[in-house]
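Peer 1: With chain H's structure known, arrange chain B on it following the hints.
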Amino acid sequence: DAGVTQSPTHLIKTRGQQVTLRCSPKSGHDTVSWYQQALGQGPQFIFQYYEEEERQRGNFPDRFSGHQFPNYSSELNVNALLLGDSALYLCASSFGLDNYEQYFGPGTRLTVT
Amino acid sequence: DAKTTQPTSMDCAEGRAANLPCNHSTISGNEYVYWYRQIHSQGPQYIIHGLKNNETNEMASLIITEDRKSSTLILPHATLRDTAVYYCIVRGISGSARQLTFGSGTQLTVLP
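Here the protein sequences line up with chains H and B, keeping their order.
Each step along the first sequence adds one to the number in the working numbering, with nothing skipped, and position 21 is 21.
Each step along the second sequence adds one to the number in the working numbering, with nothing skipped, and position 101 is 101.
Next up, chain H with everything else stripped away, as it sits in the complex:
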């Protein structure tokens, strides 16, 4: 049983560019949440998707957007990249909105130069 998978593993972008990160949830899960983790800090909640709709959002600007597909996979898009967007981006999946037990992927390391 595959767990949560994310792609790519690493990514280098230039300031001002746009980036798309991808996540496939654990089998049987229908809810996907995205987190940003800066170096030396805990993960910060970006948003959550369920039934192809954004259900909850953390304190992140509109440059951060997402999408969930009918097969429950999800994308995170970041526009107009800033140096401060350099971080590990984590995807977590769960079953239902209660998501009392979230399973995290290994993350995508984004570096903005």
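Just to be clear, a hint being listed does not mean it is correct.
Okay, the calculated bits of chain B under chain H, using three or more residues with CB under 8 Å as the criterion [to be verified]:
| hint | stretch |
| --- | --- |
| 1 | 35 to 47 |
| 2 | 92 to 100 |
| 3 | 103 to 109 |
Because the hints were derived from the structure by calculation, they are not lab data.
Bear in mind the structure is a predicted one, so any value in this text is a computation, not a measurement.
Cβ atoms here follow ideal geometry from the backbone N, Cα and C, with glycine treated the same way.
Peer 2: The following block gives chain B in isolation, referenced to the frame of chain H:
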């Protein structure tokens, strides 16, 4: 803002019990205490959660004080693979409170 306070770092000898404390003095009656850990270069891993009663699973035990203002995660026989950052999280049951709010956690180092 994180609702929990944890020590920045702790050491534990291999084979001994690791006791990780967490203060959550402002916890409300319907909020749960969750523990996750993050091994270097990996995503966080769920360990255990509880509301009022002590809980135990194959990974750890969670001891919650009667007033619910603090808790302790116990790894009964720590191994080198338990070296990780441990996050104590208070989580509500509705709306935005359902989301996991991670603080800085405790860096546990298990020493050989």
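Peer 1: Report the numbers of all earlier hints that the structure fails to satisfy, in ascending order.
Peer 2: none
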